[in-house]
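K.L.:
Residues per chain, in single letters:
Number of protein chains: 2
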Amino acid sequence: MLRSISYFNPLRLLLSVAVATCFLITPGVGALAQSADPLPSWADGKVKQAIQRFVVDVTTEDGANYVPRAKRIAVFDNDGTLWSERPWVQGLFIEHLLRKAAASNPALADEQPYKAAIENDREFFEKGGMRDYQVAIRRTMTELSREDFDAEVRSFFATSRHPTFNVPYQQTVYQPALELLAYLRANGFKTYICSGGGVDFMRAMSSDFYGIETDQVIGTSYKKELREVDGKWVLESTAELNTFNNRDQKAVNIDLHIGQRPLLVMGNAGGKGDIGMLGYSQGRDGPSLQLIIDHNDEAREFAYAEDDNASLNAAKENGWHIISMKDDWSAIYPPRD
Amino acid sequence: MLRSISYFNPLRLLLSVAVATCFLITPGVGALAQSADPLPSWADGKVKQAIQRFVVDVTTEDGANYVPRAKRIAVFDNDGTLWSERPWVQGLFIEHLLRKAAASNPALADEQPYKAAIENDREFFEKGGMRDYQVAIRRTMTELSREDFDAEVRSFFATSRHPTFNVPYQQTVYQPALELLAYLRANGFKTYICSGGGVDFMRAMSSDFYGIETDQVIGTSYKKELREVDGKWVLESTAELNTFNNRDQKAVNIDLHIGQRPLLVMGNAGGKGDIGMLGYSQGRDGPSLQLIIDHNDEAREFAYAEDDNASLNAAKENGWHIISMKDDWSAIYPPRD
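Protein chains in written order, with the numbering used here: chain S, 1 to 337; chain X, 1 to 337.
Any given hint could turn out to be false.
Copies of the same chain look alike in the list, so a pair counts if it works inside one copy or between any two.
[Said to hold, decoys possible] In silico DSBU-like cross-links for lysine-lysine, where the CA-CA straight-line distance does not exceed 30 Å: (1) K127 / K316; (2) K46 / K232; (3) K326 / K100; (4) K232 / K190; (5) K223 / K46; (6) K232 / K316; (7) K272 / K232.
Calculated from the structure, these hints are not laboratory results.
This is chain S alone, in the form it adopts within the complex (with noise of 0.2 Å):
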């Protein structure tokens, strides 16, 4: 029963992965994975059928619209398109830091953001917003190496769970999205992730929930220094904002890192994070892709809109296609076990 793969079983995407693979220089092995609906979460309709329209017409050799391997270029956003954004969970990570950092340091837990890290006091950071998180952001991470703080994200996304649906971090994220980004892959595109969200933090968990390593994610960073510590050299965050990853940014980060405009693009609407890097792909000479979800499911997941609608606006404009999580993803999250 091969309709029945789930492509979220680790072994099983590696197998069809190396399956896929092994089609380009093994001929005559063929029908096998072809006959798989590799998008078995997203309902059939209008994207799920551009979807698989764009990807066999950007791959057929002799057509119009090809595209070499070295060109498929798939860019995703993290927050919101990936996984779940509500609450923000890197902000979370950063107070339980902060809950750490007060442990060790009993003086700081009168002073804020601690004070309201220990008391989980969401209000204090939710009227802050992104002010307050810089602010701990800094405080908490420019002590931490390179390596101690992948350890620290490790350990956290280990021992917590999602606080509105009680499930480990890694349940929060999306099947239909890691379908499609295993189909791309199967069909020779690169995956990367764009994403406002930490880098170093998004390194930490991408391998594990995307199948996505290191060098393929762009996140948001802080200046770095490498320094001689003990007769090792480790490289120091320091409190100076290199790049924050968000709107035009994501476009010229991309460039930064891939060099090339991107052949796929997929954002969501929210905070319009995402409408610079689907301008940036539909400029590319010939075909691209671009997809941005619409969070309108309440039922399974959350309802959310920006007040101008900008980023739906800017796809209708455009012709993006838009993802109706209601409409379009016959499941929202991995099958339980």
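Starting from the known structure of chain S, arrange chain X on it as the hints suggest.
P.N.:
Okay, now just chain X, sitting in the frame of chain S:
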């Protein structure tokens, strides 16, 4: 005669990589590739042995030093490491751009640095060093979009020849470096460039010259802005430096782009530019290999050293492998057709 395979032939190279890839998923096809010497232009000696021992070591699945494929990151400097750096090719390209600009706007012909470019006044640029090049870069590059700049570089390489050797620049790449790149890739390494050269300049030649795609090139860059031009979103350079990718910044930018300490780094002595990334690689937990080229071959290339010998001294102190061009490379350039 497998020993006579030239790894420079792109088709043969592709075939050998394809064969190596298929081994991974098609057991029992075995012995073929392993019997050929993957590094025929490297003289038998300590350095060649160290490279081969290291690669076997980190790819032997039951071994103590096994490194999974996702962590097999190899980083190469460009100028003086992958191709000859005398004279500085990017500098010649900038002079070419200056001449073009003056040709389309004759009022510039009497101004510096245009005048020096027109008169081929090498002394002007060499005396000014990086400073004059920086001025020239700013004057010429900020008016070009990403795509226009790319086209300019490609046209330069299609029509220009190396001033000393009188060959197309592609003939000034180092054959032993090409063999090492192919050998590493066949063993599951991802190969990157991390160089002081301009990132957009290198990206326009790295695929043709080295088989390294744009997303695996890290270099010096200027800040860019997303602008709408004739209804299309394009990235344009500003005159503000984003990063000068040299010395410690090479380690910083490896972290920014790759997010891991490299398993292998190869650089060269001459400008002290690679000490930072060699040391950063060596700080990796587990095995790592550092290689640094000593340009000591006046007969076949150039002989030059640093005033204070900082790079080679650091190599001796830290146990990095020094590649003597004279003794360790039996050929320097690809065979001429």
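K.L.:
Within a copy, between copies, both or neither: which one fits K326 and K100 at a CA-CA cutoff of 30 Å?
P.N.:
neither (39 Å within a copy, 56 Å between copies)
K.L.:
My question is about K223 and K46: at a cut-off of 30 Å on alpha-carbon distance, are they close within one copy, between copies, both, or neither?
P.N.:
neither (43 Å within a copy, 39 Å between copies)
K.L.:
If the cutoff is 30 Å on CA atoms, where do K232 and K190 land: within, between, both or neither? Let me know, please.
P.N.:
Classified as between: cross-chain Cα gap 25 Å, same-chain 34 Å, threshold 30 Å.
K.L.:
Could you place K272 and K232 in one of the four classes (within, between, both, neither) given a Cα distance threshold of 30 Å?
P.N.:
The answer is between: 19 Å across copies meets 30 Å, while 42 Å in one copy does not.
K.L.:
One pair to classify: K127 and K316, alpha carbons no more than 30 Å apart. Within, between, both, or neither?
P.N.:
neither (32 Å within a copy, 56 Å between copies)
K.L.:
How would you label the pair K46, K232 (within, between, both, or neither) given a Cα cut-off of 30 Å?
P.N.:
Close across copies (26 Å), not inside one copy (55 Å); limit 30 Å.
K.L.:
How would you label the pair K232, K316 (within, between, both, or neither) given a Cα cut-off of 30 Å?
P.N.:
Answer is between: at 16 Å across copies they meet the 30 Å cutoff, but 54 Å inside does not.
Taken one by one, the earlier hints fail for this structure at numbers 1, 3, 5, listed in ascending order.
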